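Positions 634 to 764 (our numbering) are the ones given, in order, by the sequence shown.
Treat the hints with caution; some may be incorrect.
Stated by the list, open to error - Think about it this way: if two alpha-carbon atoms lie no more than 20 Å apart in a straight line, the pair counts; the simulated SDA-like pairs of lysine to any residue are:
#, residue 1, residue 2
1, K763, H724
2, K763, V711
3, K763, Y736
4, K763, S702
5, K763, R698
6, K763, V721
7, K763, G708
8, K763, L740
No wet-lab data here; the hints were simulated from the structure. The structure displayed is predicted, hence computed values, not measured ones.
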Amino acid sequence: MQTPLASPVPVLRLPRGPDGLSRGFAPDGRRARLKPEVTETPESPVVNECRESEEQRVRATLRERYLRSLLAMVGRQVSFTLHEGVHVTAHFGATDLDVANFYVSQLQTPIGVQAEALLRCSDIIAYTFKL
634 MQTPLASPVP VLRLPRGPDG LSRGFAPDGR RARLKPEVTE TPESPVVNEC
684 RESEEQRVRA TLRERYLRSL LAMVGRQVSF TLHEGVHVTA HFGATDLDVA
734 NFYVSQLQTP IGVQAEALLR CSDIIAYTFK L
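Please build the complete structure, drawing on both the sequences and the hints.
See the structure below:
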């Protein structure tokens, strides 16, 4: 793995949800984590444990790369491709704790410029930026 992050990724906290504990999303809503279905296999527990630890290592590496890309985007001009082929550009500012929304400024849309905005990550198909 690479060296630790030099500075933390900027985080924008959402207000508390209606239950007073969540951050605006229902725990059983569409953003809730899906539990993978486990099929019973006659393999030994050691093989399953080894496979799970390898999968966890790969997931941790991918997560670290993603967080590093978010850190590299801060303050840069980023081009977003949204659903329906909509292309917008903006200066990336921060993300919320769950990486469900991006806070951007100077959002240039087909109908005009928005000074500040939140982009839902579920609406984003791809994004690019220059290093």
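Going straight from one Cα to the other, do K763 and V711 come out at no more than 20 Å? Roughly 8 Å between the alpha carbons, so the hint for K763 and V711 holds.
Can you confirm whether the C-alpha distance between K763 and S702 stays at or below 20 Å? Holds - the C-alpha atoms of S702 and K763 are around 11 Å apart, at most 20 Å.
Take a quick look at whether K763 and H724 sit within 20 Å of each other, Cα to Cα. holds (12 Å)
Between the alpha carbons of K763 and R698, is the straight-line distance 20 Å or under? holds (16 Å)
Take a quick look at whether K763 and Y736 sit within 20 Å of each other, Cα to Cα. holds (18 Å)
For the pair supplied as a hint, K763 and G708, confirm whether the alpha-carbon distance does not exceed 20 Å. holds (11 Å)
Would you mind confirming whether the straight-line C-alpha gap from K763 to V721 stays at or under 20 Å? holds (15 Å)
Is the straight-line distance between the alpha-carbon of K763 and that of L740 20 Å or less? It holds: about 17 Å lies between the C-alpha atoms, which stays within 20 Å.
When the structure is compared with the earlier hints, no violation turns up for any of them.
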